[in-house]
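S.K.: Below, each chain spelled out in residue letters.
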Amino acid sequence: MATTYTLIASSTVGSGGVSSIDFNSIPSTYTDLKLVLSLRGNVASIDDYVNIRFNTSSGANYSNRYLQGDGSNSGAAASGSFTSQTYNYAFQISGGNSTASTFGNVELYIPNYLSSTNKPSLSFGAAETNGTVFNNRQIALNAGLWNQTAAITSINLSVGSSTLWVQYSSAYLYGISNA
Amino acid sequence: MPTKVIVDCSTGETSIVELTAEEIAELEASRIAAEDQRQAAEVEAAAKAEAKAALLDKLGITEDEAKLLLS
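If you're matching them up, the sequences are chains A and B in order.
Quick note, the first sequence lines up with residues 1 to 179 if you use the numbering used here.
Quick note, the second sequence lines up with residues 1 to 71 if you use the numbering used here.
Simulated from the structure, these hints should not be mistaken for laboratory data.
Some hints could be false.
Quick list of simulated restraints, FRET-style, between CB atoms [unchecked claim]: (1) P120(A) with E18(B): 43 to 51 Å; (2) S10(B) with N42(A): 27 to 35 Å; (3) L69(B) with N178(A): 46 to 54 Å; (4) A53(B) with S10(A): 42 to 50 Å; (5) P27(A) with Q37(B): 49 to 57 Å; (6) T83(A) with T20(B): 33 to 41 Å; (7) T31(A) with E63(B): 23 to 31 Å.
Chain B stretches covered by chain A per the calculated footprint, using a threshold of three residues with CB under 8 Å from any CB of chain A [what the hints assert, rightly or not]: (8) 4–17; (9) 30–36.
As the structure is a prediction and not an experimental result, all values here were calculated from the model.
Note that the Cβ used here is the ideal one computed from N, Cα and C, for glycine as well.
Isolated chain A (complex conformation) (with noise of 0.2 Å):
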């Protein structure tokens, strides 16, 4: 059977934190990209997120188009859109007012990594759900574009409200083929 899943490099933060990890000179003899992430942040509230740069791509490249669950009232939820942003964004990361010792975890799927088109990418992310204070974002799901044409070589993902990816956090990235 071909082994169509593979893993590239992974990362796991150490003591003091870091603001960003950075997959660079991802290689090109893949179809698809995979990130699974579990990452908690140092701000001072229940969610975060993870901002996400392909090839250092600083421009106004990036949109997304959001759902996410609201855990403070039973069935309600947001959804919205950003474009010409400078970053894609992946829900929903834990923060430090999540409960102790929590990860919010987040799939971030990239097919056609190498293609000469735009970019799409699919992230879910679901964060703990004792919380119960307002905007405890606690699931997600976000469709990204980036809207360049080079391959991804490389993939950023630094904080978002936070200063700090806090120690244990970890992101593992996946080649899948094709066959």
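Dock chain B against the given chain A, drawing on the hints supplied.
M.R.: Chain B in isolation, oriented as in the chain A frame:
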């Protein structure tokens, strides 16, 4: 000084480097924009909740009863 971890996928090597002044400024700007957005959403949600409560009060029904009417 804030740092970032860089993983070189071709070698598997990991290094920790300090953010540049430009990177720090960008993240700070992003943080401020996100906080402004969050505060605006809070204000909007509070106003919506207040208007909803006032309407329910005017109608003399509970939220559950309103949901039942709409189901």
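S.K.: Next, verify each hint and record whether it holds.
M.R.: Hints and how they fare:
Under the hint 43 to 51 Å, the C-beta atoms of P120(A) and E18(B), about 33 Å apart, miss the expected range. Checked against the hint of 27 to 35 Å, the pair S10(B) and N42(A) passes, with Cβ atoms roughly 31 Å apart. Checked against the hint of 46 to 54 Å, the C-beta distance between L69(B) and N178(A) comes to roughly 51 Å, which is consistent with it. Distance hint check for A53(B) and S10(A): the Cβ-Cβ separation is about 49 Å, which falls inside the suggested range of 42 to 50 Å.
Between P27(A) and Q37(B) the beta carbons are some 36 Å apart, a value that contradicts the proposed interval 49 to 57 Å. For T83(A) and T20(B), the hinted distance range of 33 to 41 Å is not satisfied, since their beta carbons lie about 27 Å from each other. The given range of 23 to 31 Å is broken by T31(A) and E63(B), whose C-beta atoms sit roughly 49 Å from each other. For the region 4–17 of chain B, the proposed coverage by chain A is satisfied: 11 residues have a C-beta within less than 8 Å of a C-beta in that chain, meeting the threshold of three.
Look at the region 30–36 of chain B against chain A: 4 of its residues bring a Cβ nearer than 8 Å to a Cβ of that chain, three or more, so the hint holds.
This entry does not satisfy hints 1, 5, 6, 7, going by the numbered hints stated previously.
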